[in-house]
Amino acid sequence: MKKILIALGICIALAVMPMTTAAPLSNLRPMNIIHHARPALTNGTFTGVFAMKNESGYNPLGEFSGTYESWEWTGTFVGTWTMYNGSASGTMTGWNWGYFFYGMLNTTGSEESNWFIGLYRVNTTDNTFEAGAIILAEEHYILYMMGSI
Amino acid sequence: MKISANHIRTTRVVVLVFIVLSSLSISGIATEPLQDSLNHSINSDRRQTLYVGGTGPNNYSKIQDAIDNATDGDNIYVYQGMYYEHVLITKNVSLYGESRDQTIIDGEGTGNVIKIQADGGTVTGFTLQHGGIGAYIVYASYVNIIGNTITNNWEGIGLLASAHCLISENTVSHNGFEGINPVQTTFTTISGNLIIDHLQGIYLVQSTSNTIFGNVLSGNMRGIEIQESSDDNHLFHNNLYSSEEDNAYDVCSNSWNDAYPSGGNYWDDYTGGDANHDGIGDTPYNIPGGGGNKDYYPLMSAWDHPPAQPSDPDPQDGASNVPVNLMISVFVSDADQDVMDVSFYDASIQQLIGVDENVPSSTRASISWNGLENNTMYQWYAIANDGSATNQSDTWEFTTGNGTNQPPWSPIITGPTTGNAGQTYNYTFISVDPEEKYVIYFIEWGDSSNSGWIGPFQSGESVNVSHSWTTRGTYTIKAKAKDMQNAESDWGSLSIKMPMGSSERTMLFMHFFDKFFERFPSAFPLLQNLFFLKKSVQ
Numbered sequence: 001m002k003k004i005l006i007a008l009g010i011c012i013a014l015a016v017m018p019m020t021t022a023a024p025l026s027n028l029r030p031m032n033i034i035h036h037a038r039p040a041l042t043n044g045t046f047t048g049v050f051a052m053k054n055e056s057g058y059n060p061l062g063e064f065s066g067t068y069e070s071w072e073w074t075g076t077f078v079g080t081w082t083m084y085n086g087s088a089s090g091t092m093t094g095w096n097w098g099y100f101f102y103g104m105l106n107t108t109g110s111e112e113s114n115w116f117i118g119l120y121r122v123n124t125t126d127n128t129f130e131a132g133a134i135i136l137a138e139e140h141y142i143l144y145m146m147g148s149i
Numbered sequence: 001m002k003i004s005a006n007h008i009r010t011t012r013v014v015v016l017v018f019i020v021l022s023s024l025s026i027s028g029i030a031t032e033p034l035q036d037s038l039n040h041s042i043n044s045d046r047r048q049t050l051y052v053g054g055t056g057p058n059n060y061s062k063i064q065d066a067i068d069n070a071t072d073g074d075n076i077y078v079y080q081g082m083y084y085e086h087v088l089i090t091k092n093v094s095l096y097g098e099s100r101d102q103t104i105i106d107g108e109g110t111g112n113v114i115k116i117q118a119d120g121g122t123v124t125g126f127t128l129q130h131g132g133i134g135a136y137i138v139y140a141s142y143v144n145i146i147g148n149t150i151t152n153n154w155e156g157i158g159l160l161a162s163a164h165c166l167i168s169e170n171t172v173s174h175n176g177f178e179g180i181n182p183v184q185t186t187f188t189t190i191s192g193n194l195i196i197d198h199l200q201g202i203y204l205v206q207s208t209s210n211t212i213f214g215n216v217l218s219g220n221m222r223g224i225e226i227q228e229s230s231d232d233n234h235l236f237h238n239n240l241y242s243s244e245e246d247n248a249y250d251v252c253s254n255s256w257n258d259a260y261p262s263g264g265n266y267w268d269d270y271t272g273g274d275a276n277h278d279g280i281g282d283t284p285y286n287i288p289g290g291g292g293n294k295d296y297y298p299l300m301s302a303w304d305h306p307p308a309q310p311s312d313p314d315p316q317d318g319a320s321n322v323p324v325n326l327m328i329s330v331f332v333s334d335a336d337q338d339v340m341d342v343s344f345y346d347a348s349i350q351q352l353i354g355v356d357e358n359v360p361s362s363t364r365a366s367i368s369w370n371g372l373e374n375n376t377m378y379q380w381y382a383i384a385n386d387g388s389a390t391n392q393s394d395t396w397e398f399t400t401g402n403g404t405n406q407p408p409w410s411p412i413i414t415g416p417t418t419g420n421a422g423q424t425y426n427y428t429f430i431s432v433d434p435e436e437k438y439v440i441y442f443i444e445w446g447d448s449s450n451s452g453w454i455g456p457f458q459s460g461e462s463v464n465v466s467h468s469w470t471t472r473g474t475y476t477i478k479a480k481a482k483d484m485q486n487a488e489s490d491w492g493s494l495s496i497k498m499p500m501g502s503s504e505r506t507m508l509f510m511h512f513f514d515k516f517f518e519r520f521p522s523a524f525p526l527l528q529n530l531f532f533l534k535k536s537v538q
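In order, the protein sequences belong to chains A and B.
Per our numbering: the first sequence = residues 1 to 149.
Per our numbering: the second sequence = residues 1 to 538.
One or more hints might be untrue.
To spell it out: a stretch of chain A is covered by chain B in this simulated footprint if at least three of its residues, at any positions, have a beta carbon under 8 Å from a beta carbon of chain B; those stretches are [as the list claims (entries may be wrong)]:
{"no.": "1", "segment": "110-117"}
{"no.": "2", "segment": "135-147"}
Not close to chain B: a few residues of chain A, all C-beta gaps over 12 Å, as computed [claimed, not checked]:
{"no.": "3", "residue": "N43"}
{"no.": "4", "residue": "N54"}
{"no.": "5", "residue": "E72"}
{"no.": "6", "residue": "T80"}
{"no.": "7", "residue": "G90"}
{"no.": "8", "residue": "T91"}
{"no.": "9", "residue": "G103"}
{"no.": "10", "residue": "Y120"}
Hint data in this document are derived by calculation from the structure and do not stem from the laboratory.
Just so you know, these numbers come straight off a predicted model, no measurement behind them.
Virtual Cβ for every residue (Gly too), placed ideally from N, Cα, C.
Make a model of the complete structure from these sequences and hints.
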């Protein structure tokens, strides 16, 4: 009997718990819907070339491609990159906020990965973009990227 | 007193030694200035101007060929034209373009349009386009990039490990990445540039102790960005407009104002007030980036830049055989895009020749100067006034003479030859000046109206002008051109027919019926019955 009472008590407690948590949430929900309606998702692909600058000028080094998902001012992207000379390749993962983006570069076969932060812009008339990012490696360097979405 | 022979011998020796020493020192003193003078003379003689383009018999066709054959201190004058080159400067030479808009170096989508790897030298009066970097200064000092248009490159102006350079009064626009990008650069001045539509307008990387003032930055994702140990830079009197991300972003430690009352920069997103109306905001403008930088004296209204120094004179400085009646002109620009009044002065007697009013920025101002003495040297200069500030040009000179100036060719007129009255049509006028100078046009439309003198335009440039005729008829459009030395072409002409407009056609139709029924009054009831009958049959 005691066990039955304990089990009954637990059941009642479990049943009441969602009701108590749900009560204030239901009060807030209309406001949440109004102010935090998620912008429509846009997604697509991107492809382009990356370059570094030295005393010769701009030197295109390789190419990259990937996919992105974006909700108005924020979004994510993933992709791969390859050096033209085949010396290295890897992946990239990142996020954007407005025209600012940041993320992580990984090199295949290496445990090394580096953060990057940068700025980009998109020309919506011809769906091209330009971006510049500081790679936060042991020695910082700047990568320049341009391509299309 | 007795003088011994020994003493006499000794005295002779001393005197001789003195004379020898004296003559040595005299010759030494005399030699140095002589040598200096000789060196100066040799250097002056060696300094030369090489010409590229144009019609001179020894002119080079490529800028790089002229550079390769130049020596330190030479000037290279490049006539207007399109040059598809990647110019590399490895000696102290200066490049002067004949006309900023018409002397174009095009990188054809690759490489650096101009790369400078030597101390000294100036590049002015060019359009640099379609390259990796428009102008790239690498490991060089005291290089000047002044008064150029740099557009549609990956990057406008780059500096790497350079110092004491001057980047001034350029229009830098629509380059993919940075407008101006100093890297590891020091003690350089960036001033009076118009910088439009870039990822970063000015991007300082590992660059210290530079002065950045009086620039206009508009439509860049970031107006000015400062990264990677770029400290002790001084930035003031810049106007920053409508940057998508930030007007400025500074992770380092820099000075963003020129103290009170000179003030800081103009920020179009500054929201502070100005209670004492001194033109300086009451609260600092915080510059994002984490460097804790502030503009303590933000300007409440945009800094009014003076006009750029008038340049690119026509006739050229030192020209000879100039006619006694001529048109003189200069290129004028203003970083705020203000229109200007441009006054021309006879420098010999400090007398005003005339004023060209309301001249748009980045165009030419011109004025007639007539009745000059033959075989006489004249000096002149121009002052551009944007309403709040002025800037005076250098003083130039020319010599009049029995020049062989040829008038421009008769304008060729193209455009529709038939049309309807009341509608507007575009016509194109082209005239070529044998001296390849600027021309102005006078157009008569054949309906008693004319354009007045318009221009100046480049020789061979297509000039589009529109016009409409109010009544039908056959008209002859006539146009003549005049060069800057007041030589006029013959008239060019084009005949056109304007049959009639739709309203005119309706009026004519009504007029016909009026006349018809006046002449045949019985026709009206007849026609009325006819139509009635037709209707009843139906």
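Hints and how they fare:
Counting residues of the segment 110-117 of chain A whose CB falls under 8 Å from any CB of chain B gives 0; the rule of at least 3 is not met. Check result for the segment 135-147 of chain A against chain B: holds, 4 residues qualifying (beta carbon to beta carbon below 8 Å, three or more required). Every CB of chain B is more than 12 Å from the CB of N43 (chain A) (nearest about 22 Å), matching its label as outside the interface. Distance check for N54 (chain A) against chain B: the nearest CB is about 8 Å away, which does not clear 12 Å, and the non-interface claim fails.
Even its closest Cβ contact with chain B, about 14 Å, leaves E72 (chain A) beyond 12 Å, as expected for a residue assigned away from the interface. At the 12 Å boundary, the C-beta of T80 (chain A) stays outside the reach of chain B, the nearest C-beta of that chain being 23 Å off. No beta-carbon of chain B comes within 12 Å of the beta-carbon of G90 (chain A); the shortest separation is about 23 Å. Interface exclusion of T91 (chain A) from chain B stands, the closest Cβ pair being 24 Å apart, more than 12 Å.
Against chain B, the non-interface label of G103 (chain A) holds: every CB pair exceeds 12 Å, the least being about 17 Å. Not every beta carbon of chain B lies more than 12 Å from that of Y120 (chain A), the smallest distance being close to 8 Å; the non-interface claim is violated.
In summary, the numbered hints that this structure violates are 1, 4, 10.
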